[in-house]
Each structure stands twice: as structure tokens, then as C-alpha cells.
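These protein sequences, in sequence, are chains A and B.
Here this note's numbering runs 28 ahead of the position in the first sequence, where the first position is 1.
Here this note's numbering runs 28 ahead of the position in the second sequence, where the first position is 1.
No lab work stands behind these hints, which were simulated from the structure alone.
A couple of the hints might just be wrong.
Since the list can't tell identical chains apart, any single copy or any two copies may satisfy a pair.
[To be verified] DSSO-like mimics (lysine-lysine), calculated; alpha carbons at most 30 Å apart, straight line: (1) LYS326 / LYS104; (2) LYS103 / LYS326; (3) LYS73 / LYS326; (4) LYS342 / LYS301.
2 protein chains.
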Amino acid sequence: MAAGPVAQRILQGDRRALARLISDVEEGREEAREVLRELYPRTGKAPVVGISGPLGVGKSSLINQLIQQLRTAGKKVGVIAVDPSSPFSGGAVLGDRIRIERDPDDPGVFFRSMASRGHAGGLSQSTRDAVRLLEAFGMDVVLVETVGSGQVDVEIHDIATTRVVVVVPHLGDEVQTLKAGLFEIADVFVVNKCELPGADLAARDLKELATLAVPRDGWVPRVVLTSTVERKGIGELWSAVREHESAVHEGGGSSEVLRERAEREVRGLLQEKVEQLLQEELLEDPAWARLLDRLMDKEVDPYTAADRAFQELKRRL
Amino acid sequence: MAAGPVAQRILQGDRRALARLISDVEEGREEAREVLRELYPRTGKAPVVGISGPLGVGKSSLINQLIQQLRTAGKKVGVIAVDPSSPFSGGAVLGDRIRIERDPDDPGVFFRSMASRGHAGGLSQSTRDAVRLLEAFGMDVVLVETVGSGQVDVEIHDIATTRVVVVVPHLGDEVQTLKAGLFEIADVFVVNKCELPGADLAARDLKELATLAVPRDGWVPRVVLTSTVERKGIGELWSAVREHESAVHEGGGSSEVLRERAEREVRGLLQEKVEQLLQEELLEDPAWARLLDRLMDKEVDPYTAADRAFQELKRRL
Numbered sequence: 029m030a031a032g033p034v035a036q037r038i039l040q041g042d043r044r045a046l047a048r049l050i051s052d053v054e055e056g057r058e059e060a061r062e063v064l065r066e067l068y069p070r071t072g073k074a075p076v077v078g079i080s081g082p083l084g085v086g087k088s089s090l091i092n093q094l095i096q097q098l099r100t101a102g103k104k105v106g107v108i109a110v111d112p113s114s115p116f117s118g119g120a121v122l123g124d125r126i127r128i129e130r131d132p133d134d135p136g137v138f139f140r141s142m143a144s145r146g147h148a149g150g151l152s153q154s155t156r157d158a159v160r161l162l163e164a165f166g167m168d169v170v171l172v173e174t175v176g177s178g179q180v181d182v183e184i185h186d187i188a189t190t191r192v193v194v195v196v197p198h199l200g201d202e203v204q205t206l207k208a209g210l211f212e213i214a215d216v217f218v219v220n221k222c223e224l225p226g227a228d229l230a231a232r233d234l235k236e237l238a239t240l241a242v243p244r245d246g247w248v249p250r251v252v253l254t255s256t257v258e259r260k261g262i263g264e265l266w267s268a269v270r271e272h273e274s275a276v277h278e279g280g281g282s283s284e285v286l287r288e289r290a291e292r293e294v295r296g297l298l299q300e301k302v303e304q305l306l307q308e309e310l311l312e313d314p315a316w317a318r319l320l321d322r323l324m325d326k327e328v329d330p331y332t333a334a335d336r337a338f339q340e341l342k343r344r345l
Numbered sequence: 029m030a031a032g033p034v035a036q037r038i039l040q041g042d043r044r045a046l047a048r049l050i051s052d053v054e055e056g057r058e059e060a061r062e063v064l065r066e067l068y069p070r071t072g073k074a075p076v077v078g079i080s081g082p083l084g085v086g087k088s089s090l091i092n093q094l095i096q097q098l099r100t101a102g103k104k105v106g107v108i109a110v111d112p113s114s115p116f117s118g119g120a121v122l123g124d125r126i127r128i129e130r131d132p133d134d135p136g137v138f139f140r141s142m143a144s145r146g147h148a149g150g151l152s153q154s155t156r157d158a159v160r161l162l163e164a165f166g167m168d169v170v171l172v173e174t175v176g177s178g179q180v181d182v183e184i185h186d187i188a189t190t191r192v193v194v195v196v197p198h199l200g201d202e203v204q205t206l207k208a209g210l211f212e213i214a215d216v217f218v219v220n221k222c223e224l225p226g227a228d229l230a231a232r233d234l235k236e237l238a239t240l241a242v243p244r245d246g247w248v249p250r251v252v253l254t255s256t257v258e259r260k261g262i263g264e265l266w267s268a269v270r271e272h273e274s275a276v277h278e279g280g281g282s283s284e285v286l287r288e289r290a291e292r293e294v295r296g297l298l299q300e301k302v303e304q305l306l307q308e309e310l311l312e313d314p315a316w317a318r319l320l321d322r323l324m325d326k327e328v329d330p331y332t333a334a335d336r337a338f339q340e341l342k343r344r345l
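The shape of chain A in the complex, shown without the other chains:
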């Protein structure tokens, strides 16, 4: 597909056009998707590194030092901070949590914070699309940072090719269990604050856990020790990421990681369309309000109400 004027501006490195287009993506504008189609052939090569972990493990400092390292090596870096936050506040609440140190005059870094705006596609697809735009814009590496843990992290991890989970040596019991949950979605573990006692023990535990993981694209999760205070281990972290990226891309069309990601994306986009259809055909119809009235009066149970709405939907397609 030929690149239209907006796509051209992205390819030429127009920062304002990029920022505006990411906003369009967040708002779920159809025009933005057209540009994404045009730019798609220019994407898919850059490492996309998801970085998550419990609160307070020093993710921001780690990312800052990783950016410095990449810039020193001449790499251009896109950073997306994903803020799941509350579905009601649209992410405004946690907006001030992002503490990436930015040199506003460095054209080799583009930082963007993203929050759920509640449109059909949702945060995962917006983030996927923003990653593509950053790559088409010319970024050599895209970092995707998330806050918290749980479902949203999992979704965001679906977007990354390499999933980094950051922990610290001494976590309480509660966070230990979270760590075990995160374990299943990590390609690289970082034990940050490794100047603290217990770091070697934590690393050993994680390495032991890693042997239990089912390898994807032949990769067994790696464990790296870092200290942002002592500026240690950032190089090792980046090496581990690069090795994982090689393992994934060597597989080409048969890479498990890439294939799963692609399948999930198309499935998500398909659900988005079905959701839109549901909205337009059914939920905006006065019959829907009447069905709810009957439900409130207990004249019908929710299971039967859903059955009827489904039959109606099928009839209308």
C-alpha cells in the first residue's frame, strides 16, 4: 500500500505528526488505522521490550539507565509507559508516576505515556499500534513499561517480543507470590538493587524456577543482576534481551512467540469488530432497554435474556 501524507511525515521523522497520530490511535480513530496499514511493512524488526514488575522495584531508574546505554551505543529509543490505572479515571491518577528523565533536545528518544481511553480496541491494541508507529518513525528499540501486575501486565506482555520482569532481593511474602505469577510471563528476570543482601539467593531461586518454564522458541528464562545505584548489570541486561530477540527472530514465520502474538492481535481486532456490531445493532435498540426492564422485574433471568439477544443478533447479520 502506498504511504499517504500522514504516513510520509512519520517516515520522515516528524515528531509532532507522530504525537498526534498516537493520540488518534488512543482515541480509536479509523483514519489512524489507515495510516497503520500503510506503515505496517516498515515494522516488526525492532526489539520491543516489555518491562514490568511490582511497585517499588526501581523500574524507572533501570529504564533511565537502559536508555542512556542505548543512546551511547547510537540507538534511537522509543518509550511507552502504559498506565492501566482505573478504567474510570482514564489513567490520570497515575499519570504522575512516570519518572523517565528526558532530555527534551535529544531527537533520539521519544517518550509517550498511554492510558485506556475506554474505546473498543482497548489499551493493548493502542499500545501495539503506538509501538508500530515508533518503529516506522525510526526508533531502533521500543521499551514498554507498565505499572502494577496482573491482567494488564499480561496483555502488555503480549505486545513485547522480549518480556523483562524486575524484582528486588527482599520482597515480602505477598510479593513473592506475585513474583511467582509474573514468572510465567518473563523471558528475562532482573534482580534489581543487587547491592542489597540476598540478591544472589534471589537470583539462584529464580534460576531454579526458570528451569521449570516451558521454553518458547527454545529460550529458557535468563536471570540478570542489576544495580542502578552502582550502575551495574545494564550491559548484561541488554545482552540478554538481544539474545532473546535473536532466538525469536531466527524462527521467522514459525516462531512460537511471533505467531502467538499475531494470532492474539487478529483475534483482539476481530472481537473489537464484533463488539462494535453488538453496540450498534443491539445495545442502542429500544428493545434492549425493554429487555432490561423485564430483567429488573424478574420476568426473565439473565441467561435467557442473553440467549434472546444472541438470537436477535444472529437474525440481523
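Starting from the known structure of chain A, arrange chain B on it as the hints suggest.
Positioned in the frame of chain A, the structure of chain B alone reads:
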């Protein structure tokens, strides 16, 4: 609808039948849904109290004391501990986090831990259904406890009629922001561990925040101070819950809370059906694998692939 033999056993208070049926619900069995249809007219009256909050605020102790209080008042209590955990581990990891003290000989308490088993309906619907079963079984109150915060909590809060969020006086900066996020989904705030300094200040802050909330069914979020160490405030907590339940049920068919809940449930059930259709009609078809092959070879972009799959789905209905 006449109650069949399984429904009869639930209505007669058969604990083993109840436990088995909740497992069937978790596994998404169609027979379980038939029983739910039969029991539906016997449900919808009991307070369903969602209890959530950040880790470490003492939710389990608070719930234990609340159960004691309710038992002393002669109320039968159902407790569902919802364990979102990792979507991969199926909740096994956090399984040991549940620390409700149970008297196995007390027939007035039924405890159940629920985790996502990955079937189409998902954890929200399983929990909704389990709440109904507990009520049909004869429980006067159902408590729904969740771990963590974020998206899953929001969904679980959709199930409760009264949403209680527990915090403690001194939370770090990070957790303060979480609190602000949770604020929007609370009907009653509990400042637990109120024997610690700063409790009154925290309560005052929350009360101030509560005045900014958009009232639903005329209810402005209430703030209650509790201490499980000094056994204080549990009665006040229960009074606040009861007042909120009255505010909701007074509205009857026009209650905003009940109507929103009902709408979300039917919508969720409808999506479950559409998802199932998608699975059967499309994703199990060899054409889907071929589409993914073309996607991996970059012969098609994901947006176009989703468009085609959607057209195909419409054609088949």
C-alpha cells in the same frame, strides 16, 4: 421454571451438592446454567458485599471479625475468595493466601475460593453464579473478597451490591495513588488498623474525596474506621453496608446500581456466546491457520486479516 433434582438439593441445604455445583459453574458446564435458571427466582435479596484493597491492609482479619459479628446476629454467611492470580497458573499460586478462619462444624458459614479456569464466561460470571447459588442455598449475606487491585477488582465489584474498599492510615506514595483509583469503585471505605497514627487524617481525606463522587442511588461513599487488634468498628462497618443495601433496594427496578449490574451481566453473557461462536466457526477452521501463515509472511497486515475474518464470520451466521 420448576426446580429439578439438583436445584432441590441446593434449596434443601445440601453442602456437597452446593460445592459440586460451584465447581461445575467454574468449569462452565451447561447443566450448571440450567440449575441457575431454576434457582434464579430465589436470588437477588441478600446483601452481596465486595471487599477489596491493596495487599497487607488486613482484609482477612477484618473479614473474619465481620463473619463472627454476622454469626452472632444469627446470619448465615457465604464467603467467596476470588483469586485472579495469573491467567496461566489458574490461581494455584495465590491459593494459600486465603486465611479465613473457619469452624468446619458451623453450618452457617460456607467458604469457597474461586479462580479463573479460563473458560469463556470467565471469573466474573462464575463468581456471579456462585453468589446466586450461595443465596439459593440459604445464606443471608455473601461476602466476596478479592486480592490485589486493578481491572479484576473492578469486575468483581460489578458483582457486589455494596463495594467495600479497605485501606490503612499510612500507605506509601505508590499505594496512595492506587487508593485514589479504588476510590471510584467504593461505596464504603474502611480505614483499617485505626489504632495506628494518622487514621483520623486518612479518614478525613477520604471523606473529602467522597464528596466529589457522583452519587449512585443517592448514596455518597461512607468512611468507617476499624481496628481488628482492638476489635473496633466492625458494627459500624456492617451498619454502613446495610444502609447502602437499603438505598440500592429502595430504588427497585429503577436502581442505578442494580440496572447497571444487570446490563453488564447480560452483555457479558452475550459476549461469551459470541466468543464461542467465533471459536467454533472461525478459529478452528483450517482457513484461520492459513490466514496466520500469510500474516507471518507479511502478505497481509493484522487489520486487514481481521476485516476478512469478520466478513467470513458474518457470511456464516
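Query raised in the report: Which earlier hints can't be squared with this structure?
Result: none
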